[in-house]
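Visitor: Below, each chain spelled out in residue letters.
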Amino acid sequence: MERFLQQIINGISLGSIYALIALGYTMVYGIIKLINFAHGDVYMIGAYVGYFCMTTLKLGFFPSLLISMIVCALLGVTIEKVAYKPLRNATRIAVLITAIGVSLVIEYGTMFFVKPDPRSYPLLTGFMAKSYHLGNLVFSSHQILIISITIVLMILLQFIVKKTRIGKAMRAVSLDRDAAQLMGISVDRTISFTFLVGSALAGAAGILVGIYYNSINPLMGVMPGLRAFVAAVFGGIGLIPGAMIGGYFIGLVEVMVSGYGNSMYRDAVVFAILIIILIVKPSGLLGKETREKV
Amino acid sequence: MPILSVNKLSKSFGGLMAVSNVSMELEQGELVGLIGPNGAGKTTVFNLLTGMYQPTSGIITLYRDQKEEQIQGLKPYTICKKGIARTFQNIRLFRDLTVLDNVRIAMNKNVKYGLLSSFFHSRSYSDEEKEMLDNSIHLLEILKLDHKKDELAKNLPYGEQRQLEIIRALATNPCILLLDEPAAGMNPAETAQLTEMIGWIRENFKLTILLIEHDMSLVMKICERIYVLDYGMVIAEGTPAEIKSNKRVIEAYLGEEM
Amino acid sequence: MVKNIVNASGNSKWLSLAGKWITLLLTLVIVQVLISANIINDYIFSTLVTIGVNIILAVSLNLITGFTGQFSLGHAGFMSIGAYTCAIITLRYSTVFGFVGGVIAGAVFAAIVGFFVGLPTLRLKGDYLAIATIGMAEIIKILFRNVLEDITNGAAGLSEIPQFNNWIWLFVFTAGTVILISNFIKSSHGRACISIREDEIAAEAMGISSTKYKVIAFVTGAFFAGIAGALYSSYFYYISPDLFGFQKSIDILVIVVLGGMGSISGSIISAILLALISTYLQSFPELKMIIYGVLLVVIMQFRPQGIMGSKELSLSLLKKWTEGIKGRNGGAA
Chain A
1 MERFLQQIIN GISLGSIYAL IALGYTMVYG IIKLINFAHG DVYMIGAYVG YFCMTTLKLG
61 FFPSLLISMI VCALLGVTIE KVAYKPLRNA TRIAVLITAI GVSLVIEYGT MFFVKPDPRS
121 YPLLTGFMAK SYHLGNLVFS SHQILIISIT IVLMILLQFI VKKTRIGKAM RAVSLDRDAA
181 QLMGISVDRT ISFTFLVGSA LAGAAGILVG IYYNSINPLM GVMPGLRAFV AAVFGGIGLI
241 PGAMIGGYFI GLVEVMVSGY GNSMYRDAVV FAILIIILIV KPSGLLGKET REKV
Chain B
1001 MPILSVNKLS KSFGGLMAVS NVSMELEQGE LVGLIGPNGA GKTTVFNLLT GMYQPTSGII
1061 TLYRDQKEEQ IQGLKPYTIC KKGIARTFQN IRLFRDLTVL DNVRIAMNKN VKYGLLSSFF
1121 HSRSYSDEEK EMLDNSIHLL EILKLDHKKD ELAKNLPYGE QRQLEIIRAL ATNPCILLLD
1181 EPAAGMNPAE TAQLTEMIGW IRENFKLTIL LIEHDMSLVM KICERIYVLD YGMVIAEGTP
1241 AEIKSNKRVI EAYLGEEM
Chain C
2001 MVKNIVNASG NSKWLSLAGK WITLLLTLVI VQVLISANII NDYIFSTLVT IGVNIILAVS
2061 LNLITGFTGQ FSLGHAGFMS IGAYTCAIIT LRYSTVFGFV GGVIAGAVFA AIVGFFVGLP
2121 TLRLKGDYLA IATIGMAEII KILFRNVLED ITNGAAGLSE IPQFNNWIWL FVFTAGTVIL
2181 ISNFIKSSHG RACISIREDE IAAEAMGISS TKYKVIAFVT GAFFAGIAGA LYSSYFYYIS
2241 PDLFGFQKSI DILVIVVLGG MGSISGSIIS AILLALISTY LQSFPELKMI IYGVLLVVIM
2301 QFRPQGIMGS KELSLSLLKK WTEGIKGRNG GAA
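Protein chains in written order, with my numbering: chain A, 1 to 294; chain B, 1001 to 1258; chain C, 2001 to 2333.
Rather than coming from a laboratory, the hints here were simulated on the basis of the structure. For each residue, glycine too, the CB sits at the ideal point set by N, CA and C. Don't take every hint at face value.
[To be verified] Partial list, computed: chain B residues near chain C (C-beta under 10 Å):
1) Y1077
2) A1085
3) T1087
4) K1247
5) I1250
6) Y1253
[What the hints assert, rightly or not] Capping the alpha-carbon separation at 20 Å, the derived lysine to aspartate or glutamate pairs in EDC-like fashion look like this:
7) C:K2013 - B:E1181
8) C:K2013 - B:E1196
9) C:K2013 - B:E1131
10) C:K2186 - B:D1150
11) B:K1154 - C:E2323
12) C:K2248 - A:D267
13) B:K1081 - C:E2312
14) B:K1075 - C:D2242
15) C:K2186 - B:E1196
16) C:K2311 - B:D1096
17) B:K1148 - B:D1127
18) A:K85 - A:E2
19) B:K1206 - B:E1025
20) C:K2320 - B:D1146
21) B:K1206 - B:E1196
22) C:K2186 - C:E2198
23) A:K81 - A:D188
24) C:K2311 - B:D1150
25) C:K2186 - B:E1128
26) B:K1109 - C:E2200
27) B:K1109 - C:E2160
28) B:K1149 - B:D1134
29) C:K2186 - B:D1127
30) C:K2320 - B:E1128
31) B:K1081 - C:E2286
32) B:K1112 - B:D1096
33) C:K2288 - A:D188
34) C:K2186 - B:E1025
35) B:K1154 - C:D2251
36) C:K2013 - B:D1096
37) C:K2186 - B:E1030
38) B:K1109 - B:D1127
39) C:K2013 - B:E1025
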């Protein structure tokens, strides 16, 4: 039982990270119906920026977090402007292929500059290195840090989406782009802002994952990126609460499979879940079915 | 002798009844019109008849070759194979393929040679392909589109695209043809030509035709019987003359030109 | 009059068919002579193997993605099934019969898996299908790495696979794949696949079972990808699960997209082109992937139809080009 509870704690902290990444996928999908394959790589960049802030620049954790969020936000907006915006009226497959291309450029561009070898993440010090015991359960301050930063960011996101003007614009554009345009909403600006927010969250996730796994490499965005995408699909792609639920679910599944089974099977289980969802209810847990008009 | 009978057909989307309790009957060789104000559910009836939508309730019976068979809820391609073909209101040709290929694809259901023949281009492949090519060209010839057979469908002028939709439907060798607003967007000259073509097809292909159309002059001219749909229900049925003087129909159309 | 035209085109058809076979035979013989004379050395020949394998992969993926319009990102999964099947068989029965049997068994296994994967997933559309196929390929990878560890040697992979693949086998299988798939495309069944890409709803209304033809395209594609995998393993001595990951599927996709979705000659041209680029960049693997990425982005922005669009390279098309007419409407599509 204690082992089970411990796994749940681990699962929730890992799930937090997936939820942060899944949010970026889901927001972008919601607004331009694109699986942004490059999103996983934006989060990898976040991890590297955090790494250089903490090692080369000797900055503390929180300034590093902020910087990597800003860098990733700018990167996300740039990708959108350079690669996706010219394809606004192209087929979805064309945009998807572009996304794959962007993803390759970021992955191997990074590899070219920082070399493919994994780097171990700087250890946190002070109160952030402690761990706390509750009976036989262990809470490391890493986990507390990851969970609390995620919660703060999610509340912030909810605030932006629900209460601000630009948040309303985001919801309007994702419901009906043409109608939003007619109502005087700048669609391009709204899409850029969506990339900005989603990528900033990915930047935060990157630095948190560095702390969680204690190791980073240029291809680290690929598999976790796909897992986070599965999370978004599970919850119902395009839906913000769906991405959160999906993120925690996938985090728990991964930890349980690794804890009680074989960690090598975790991706097989995650993808099997994906295929089952896609077949049984492609719109996800919270999604509604739509059908093509004849 | 009926060829198609529809009994209390209903379809709801969420809570909205798009079609409710529609019953109708098509006699062998008849040309029947289906009219009604915008949003009355005409195209939904077509989608139910051709399997694009699953009906919420109701029975559709097809009588063919001395057999009667319930076809509601079958897949579109199965229904097509049983002999009901359709055109689309918002033209759905295979745009990037040639006129000839559009027609040949519709003949796919008659192909007897197997996959291996298609990989190795066996004798039965060459024979059947040649026959299919001849049939397609013949069909295009008698409907006067053979001079465009190598054009891409998307490059045809609008009127000819509508014409090709009908030819493609005919290529499936149907016994019932459903035409969804074939004259939409046509000028009077083109409409006159189309009217003639529909009559000609019906004579020469021994078809039963059900026609959705907004152009009342066309409907009144060529249809023998008319069903009027409003809010998903049949509100009148009869000859063009009867429909013209029907009070409920006039009410439904009030404000619209009859 | 009409009859005469049919006859004339019949004659020219025979001529072009004979021409094709003669060209094929000449290529086979000339390259074999060059290999015997050691003008084509092992280094060049390994590039030829890569080209052949990539042509088979690209043409078979083109059938699924370019012609039938089903976006698959898991083609490397099918390749791995062929590679492992052939490797395991030839490691036990190291004869030419073992090799040919291995190639066929690999292709059949890949096709069977393609069937069971395709049946449920092909109901999905566009990007959902793409993700499901990634998942499928990852699951196959994990099967080879962990579940079947006893016979696949897990993550370490299989080495010292007997080398039976030579120029003649390579050429026969590559040309065979291209011919069979081109034939299929030109048949009524092939046209049915294309109609699904064009408009699935209209195709269904014209009596075409979209599920049936999607599965046919998927299974056929998987079958030939299996052959490609088998040829790969029987030349390069060594295979491991990681060779057939997401990255490999992307490699194949790049070939198809660059050549033109829906053009078999496009796939062949781009397979050759990209093999040359990657041979040239062999010592800079990162650079190669960066170039692939940039290529994808640039193609989608400036020439989304790829090198060939959906046209095929043919004499009439060449004539048009040389006459300086823009082949906007022409060519044998």
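Visitor: Each hint needs a verdict: does it hold in this structure or not?
Guide: Hint by hint, here is what the structure shows:
For B:Y1077, the interface hint holds, the least distance from its beta-carbon to any beta-carbon of chain C being 5 Å, beneath 10 Å. The interface hint given for B:A1085 is met, as the beta carbon of that residue sits about 8 Å from the closest beta carbon of chain C, less than 10 Å. Contact between B:T1087 and chain C, as hinted, is supported at the beta carbon level, the nearest pair being about 9 Å apart and thus within 10 Å. At a threshold of 10 Å, the smallest CB-CB gap from B:K1247 to chain C is about 37 Å, leaving the interface hint violated.
A hinted interface residue such as B:I1250 counts as satisfied when its beta carbon comes closer than 10 Å to some beta carbon of chain C; here the least separation is about 34 Å, so the hint is violated. Because the beta carbon of B:Y1253 sits about 30 Å from the nearest beta carbon in chain C, more than 10 Å, this interface hint is broken. Distance hint between C:K2013 and B:E1181 is unfulfilled; the C-alpha atoms sit about 42 Å from each other, more than 20 Å. Under the criterion of a C-alpha separation no larger than 20 Å, the hint pairing C:K2013 with B:E1196 is inconsistent with the structure, at around 40 Å.
Taking the CA atoms of C:K2013 and B:E1131, the gap is about 17 Å. The hint holds against a cut of 20 Å. Taking the CA atoms of C:K2186 and B:D1150, the gap is near 15 Å; set against the 20 Å cutoff, the hint holds. A threshold of 20 Å between alpha carbons decides the hint, and for B:K1154 with C:E2323 the separation of about 26 Å lies outside it, so the pair is violated. At roughly 18 Å between alpha-carbon atoms, C:K2248 and A:D267 fall within 20 Å of each other, so this suggested pair holds.
Taking the CA atoms of B:K1081 and C:E2312, the gap is near 33 Å; set against the 20 Å cutoff, the hint is violated. The suggested pairing of B:K1075 with C:D2242 is violated, with an alpha-carbon distance near 42 Å, which exceeds 20 Å. Using a Cα cut-off of 20 Å, the hinted pair C:K2186 and B:E1196 is violated, with the two alpha carbons roughly 36 Å apart. Only pairs whose Cα atoms come within 20 Å are accepted, and C:K2311 paired with B:D1096 is accepted, the gap being roughly 11 Å.
At roughly 24 Å between alpha-carbon atoms, B:K1148 and B:D1127 are farther apart than 20 Å, so this suggested pair is violated. About 51 Å separates the Cα atoms of A:K85 and A:E2, which puts this hinted pair outside 20 Å; it is violated. For the proposed pair B:K1206 and B:E1025, the alpha carbon gap of about 17 Å is at most 20 Å, so the pair holds. Of the supplied pair hints, the one linking C:K2320 and B:D1146 is violated, its CA atoms being roughly 24 Å apart against a limit of 20 Å.
Note on B:K1206 and B:E1196: the hinted pairing holds, with a Cα-Cα distance of about 15 Å set against a maximum of 20 Å. Only pairs whose Cα atoms come within 20 Å are accepted, and C:K2186 paired with C:E2198 is accepted, the gap being roughly 16 Å. For the given pair, A:K81 sits about 9 Å from A:D188 by alpha-carbon distance, which is consistent with the 20 Å threshold. A distance of roughly 14 Å separates the Cα atoms of C:K2311 and B:D1150; the hinted pair therefore holds under the 20 Å criterion.
Between C:K2186 and B:E1128, the direct Cα distance comes to roughly 13 Å. Compliance with the 20 Å bound is thereby established for this hinted pair. Using a Cα cut-off of 20 Å, the hinted pair B:K1109 and C:E2200 holds, with the two alpha carbons roughly 15 Å apart. With a C-alpha separation of about 50 Å, the suggested pairing of B:K1109 with C:E2160 is violated against the 20 Å cut-off. Simply put, B:K1149 and B:D1134 have alpha-carbon atoms about 12 Å apart, close enough for the 20 Å limit, and the pair holds.
Between the alpha carbons of C:K2186 and B:D1127 the distance comes to roughly 14 Å, so the proposed pair stays at or under 20 Å and holds. A C-alpha spacing of about 32 Å is found between C:K2320 and B:E1128, which places the hinted pair above 20 Å, so the restraint is violated. Straight-line distance between C-alpha atoms of B:K1081 and C:E2286 comes to about 54 Å, which puts the hinted pair past the 20 Å bound. This hinted pair does not check out: B:K1112 and B:D1096 have alpha carbons roughly 26 Å apart, beyond 20 Å.
For a cut-off of 20 Å, the pair hint linking C:K2288 to A:D188 is broken: about 33 Å separates their Cα positions. Only pairs whose Cα atoms come within 20 Å are accepted, and C:K2186 paired with B:E1025 is rejected, the gap being roughly 42 Å. Between B:K1154 and C:D2251 the alpha-carbon distance is near 33 Å, which puts this suggested pair outside the 20 Å criterion. Of the pairs offered as hints, the one joining C:K2013 and B:D1096 is violated, with about 25 Å between alpha carbons and a cut-off of 20 Å exceeded.
Note on C:K2186 and B:E1030: the hinted pairing is violated, with a Cα-Cα distance of about 39 Å set against a maximum of 20 Å. Distance check on the hinted pair: B:K1109 and B:D1127 sit about 16 Å apart at the alpha-carbon level, within 20 Å; holds. In summary, the hint linking C:K2013 to B:E1025 is not supported, as the alpha carbons are separated by about 51 Å, beyond the 20 Å threshold.
This entry does not satisfy hints 4, 5, 6, 7, 8, 11, 13, 14, 15, 17, 18, 20, 27, 30, 31, 32, 33, 34, 35, 36, 37, 39, going by the numbered hints stated previously.
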